[in-house]
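Engineer: Following the hints, complete the assembly by docking chain H onto the known chain S.
2 protein chains.
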Amino acid sequence: MKQVKFLLDEDRIPSHWYNILADLPEPMEPPLNPQTGQPVGPQDLSALFPMDLIEQEVSSERDIEIPEEVLQYYRQWRPSTLYRAHNLEKALDTPAHIYYKYEGSSPVGSHKLNTAIAQAYYNREAGIKHLSTETGAGQWGTALSLAGVAMGIDVQVFMVRISYDQKPYRRAMIETYGGKVIASPSDQTQSGRDILAAHPDSPGSLGIAISEAVEVARLRDDTNYALGSVLNHVLLHQTVIGKEALLQMEMAGEYPDVVIGCSGGGSNFAGLSFPFVGENLRNARKTRIIAVEPASCPTLTKGKYAYDYGDVAGLTPMMKMYTLGHGFVPESIHAGGLRYHGMSPIVSHLFHLGQIEAQAFAQNTCFEAGTQFAQTEGIVPAPESTHAIRSAINEALRCKEAGTGETILFNLSGHGHLDMQAYMDYNAGLLEDHEYDVGEVEHALMELPSV
Amino acid sequence: MKQVKFLLDEDRIPSHWYNILADLPEPMEPPLNPQTGQPVGPQDLSALFPMDLIEQEVSSERDIEIPEEVLQYYRQWRPSTLYRAHNLEKALDTPAHIYYKYEGSSPVGSHKLNTAIAQAYYNREAGIKHLSTETGAGQWGTALSLAGVAMGIDVQVFMVRISYDQKPYRRAMIETYGGKVIASPSDQTQSGRDILAAHPDSPGSLGIAISEAVEVARLRDDTNYALGSVLNHVLLHQTVIGKEALLQMEMAGEYPDVVIGCSGGGSNFAGLSFPFVGENLRNARKTRIIAVEPASCPTLTKGKYAYDYGDVAGLTPMMKMYTLGHGFVPESIHAGGLRYHGMSPIVSHLFHLGQIEAQAFAQNTCFEAGTQFAQTEGIVPAPESTHAIRSAINEALRCKEAGTGETILFNLSGHGHLDMQAYMDYNAGLLEDHEYDVGEVEHALMELPSV
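Which chain is which? The protein sequence lines are S and H, in order. FYI, the numbering for the first sequence is 0 to 450, going by numbering that gives the first Met the number 0. FYI, the numbering for the second sequence is 0 to 450, going by numbering that gives the first Met the number 0.
Chain S on its own, in the form it takes in the complex (with noise of 0.2 Å):
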């Protein structure tokens, strides 16, 4: 019998995050408060983030607790399934070993629930009572949205106005789950009516939506925001994802000598690939680990390392991290979740470090991966994952004309169900492959704060 699945007791979800600040060779520069161009403090954070999350931020313990009360809600889903690819490795004909961590069964569909439960848990326990936040493809607000009715906080979601016109289901489910769905840019936010008055069909972007949802929280006490990514904490919450596949490795009898995730803002990434990344670090393992990014928002492998944005209107903290420049737009490519200018700090600073490795996609060819996965492996993965499996695919082949049998994991961070808008242009061959503008980014990196 061919094992395809591993499987954890739930018993063994992790009890703690892994916090990889803790592992760094090197440390972190720190945020910069965009006024005055010194360190931000806690206090500069306290409008929008309540104090638990503010120290997780910073922290330099290796392990952080998670509450009983946030576990008892993963226990819904989590452990998530550890699948071995036999009949992808077998269409390949590749001596390869390919896994992938499936977070697609988490009720919203992807790996956003993690953090999204974490973190409306400690607003909850602050006395917060509305989050507002911004959703691009639409995963992002849909977790948040049942993270609120789980602990009783009411959700507010900027959605980028051509996500909010292109995908009425995402909204639907948002909406479902008693989420409230506002189009960005919007006239409720002065940054909302500063971006419609210079363009009033503006289709949004994710640095307006941050900005107006950003906006929102600073404006009202009991009112916080929340972020799917990029932030160190929104990382650390998605470390499960990694320490549950170190087991899962264990129970297969194998170590991955490459692991993969796709990469927009870095949650997913990192998630699975941090908990490696610290075994590489502590215990002189040497497995690769590659962020997987679209060729037309390429910024790790085309952008500058340096101070920026996470906005477009300049109200968040400036973060150092490889950046395109808060004033790109990245083309409309489906993978949504991967159209952001900035990545990580932590992923960014990792890769400056050379700890990790960086490839970028064309979609035609990642679509073509993942209707490959589709019809091997069953499910059809969202148009962000399919950048993983695209590189996954591609290492597989390698290990076929090298003849080497190496183990391949990556992770399978949502499913495509309500993305098949997208399958359907791929299928009618109506997908374009866009580059970055050259000179988009150039006129963007112009911009960037002077530190």
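One or more of the hints may lead you astray.
[To be verified] Derived pair list, reagent style DSSO-like, types lysine-lysine, alpha-carbon separation capped at 30 Å:
no., chain 1, residue 1, chain 2, residue 2
1, S, K1, H, K128
2, S, K4, H, K1
3, H, K179, S, K89
4, S, K89, H, K128
5, H, K1, H, K399
6, H, K4, S, K1
7, H, K89, S, K179
8, H, K285, H, K303
9, S, K285, S, K1
10, S, K128, H, K89
11, H, K4, S, K4
12, H, K1, S, K128
[Said to hold, decoys possible] Residues of chain S placed beyond 12 Å of chain H at every Cβ, according to the derived structure:
no., residue
13, A46
14, M50
15, A283
16, P316
[What the hints assert, rightly or not] Partial pick of chain S residues on the chain H-facing surface, computed with a CB cut under 8 Å:
no., residue
17, V3
18, T175
19, Q374
20, V379
21, H416
22, M419
Think of the hints as simulated: they come from the structure by calculation, not from any bench. Please read all numbers here as calculations on a predicted model, not as lab measurements. C-beta: ideal position from N, C-alpha, C; glycine also.
Structural biologist: Okay, now just chain H, sitting in the frame of chain S:
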């Protein structure tokens, strides 16, 4: 720690399906050949089905072995999880214990893959190269397409025209798995051309699509037909659900007082409930077994127990079943999978014998229940499954009123990610609560075949 999930190891997937024909208190009446009016023999069916499935259709063996290759595919998602709905219980403030078996974790998002894989396997073993089928809501077409690509068989799906137009995501999923989708009625069959000549704008129906798929299979030697519900062998393959649930309820230390499933053709209902019906019949258990149908297509609750065709054109054998008449076209409710004029002969027989109960609900109250379920348990249910949830919640509220702590188990047959239009309509107050049309049913019943 409150346990919310009951997981079985892969090696506890049942090795055999449960054939309830072995335990019926009275034998069933046979299907009849539509030309001769005589009982159908194996040769009548051999143009459509491989001999292994024809044998299963009439077998009197209680336990029928699941082939190893089918088991290997089952391992991709089986055993499916049994959940305890603690959050829903709390929201209802009921002393009842509510459990649900979740079949939406299959790669196609529903229980349909349990039989699709088995049917594709037996057809491939018989040398069949092509399968034709119909699909209404799209769940079945999706499942058979994936099963086809797994077994190296081409799949052609006649999709009810109105679903074809309204559910492009479903179509895209079938096509991503490599299936070919044809809107029905089509110009590719005589049945389709006849309908189109009389009704050029026909929205189609399951009965019409079945006629087309059967016609195609009859004409070609290398092509068979596959049905997603109704027939004995289809229900047989679904009994893995209930057999697993028996083991999982044992893990939970409880035995259900009530078992509930939604019922269109009857396959997910039978899949969960037949092993429990078997316990009632053989071991004098007293579990109430409830089939839930839509008020607009109330086959068991308002239909007639009589011989009728399975399709509109009268190409299928006549079956003794509860029916609203093969000419009855139900209102276009969102639970497309429940829009079938008839009911599986075995389910009909058990209902006639008083072994099971039936309930019917209109769609708004079902979506209300589905939304409450989504907000408490996280999973957005398929429109069909909301009918089972409505019944389960009603039973739990009855327990609350009576102060009795009964154990309720229902089948969550699939998720609703590809049916979010239904939730959008519900949230916008646009759903109409159709009753069935008494006059239309009377008219359709007058056209029952004379036997």
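Engineer: So, for every hint listed, does it hold in this structure?
Structural biologist: Here is what the structure says about each hint:
{"no.": "1", "hint": "S:K1 with H:K128", "verdict": "holds (27 Å)"}
{"no.": "2", "hint": "S:K4 with H:K1", "verdict": "holds (25 Å)"}
{"no.": "3", "hint": "H:K179 with S:K89", "verdict": "holds (24 Å)"}
{"no.": "4", "hint": "S:K89 with H:K128", "verdict": "holds (21 Å)"}
{"no.": "5", "hint": "H:K1 with H:K399", "verdict": "holds (21 Å)"}
{"no.": "6", "hint": "H:K4 with S:K1", "verdict": "holds (25 Å)"}
{"no.": "7", "hint": "H:K89 with S:K179", "verdict": "holds (24 Å)"}
{"no.": "8", "hint": "H:K285 with H:K303", "verdict": "holds (27 Å)"}
{"no.": "9", "hint": "S:K285 with S:K1", "verdict": "holds (28 Å)"}
{"no.": "10", "hint": "S:K128 with H:K89", "verdict": "holds (21 Å)"}
{"no.": "11", "hint": "H:K4 with S:K4", "verdict": "holds (17 Å)"}
{"no.": "12", "hint": "H:K1 with S:K128", "verdict": "holds (27 Å)"}
{"no.": "13", "hint": "A46", "verdict": "holds (29 Å)"}
{"no.": "14", "hint": "M50", "verdict": "holds (28 Å)"}
{"no.": "15", "hint": "A283", "verdict": "holds (34 Å)"}
{"no.": "16", "hint": "P316", "verdict": "holds (33 Å)"}
{"no.": "17", "hint": "V3", "verdict": "holds (5 Å)"}
{"no.": "18", "hint": "T175", "verdict": "holds (5 Å)"}
{"no.": "19", "hint": "Q374", "verdict": "holds (5 Å)"}
{"no.": "20", "hint": "V379", "verdict": "holds (6 Å)"}
{"no.": "21", "hint": "H416", "verdict": "holds (4 Å)"}
{"no.": "22", "hint": "M419", "verdict": "holds (4 Å)"}
Violated hints: none; the structure is consistent with every hint.
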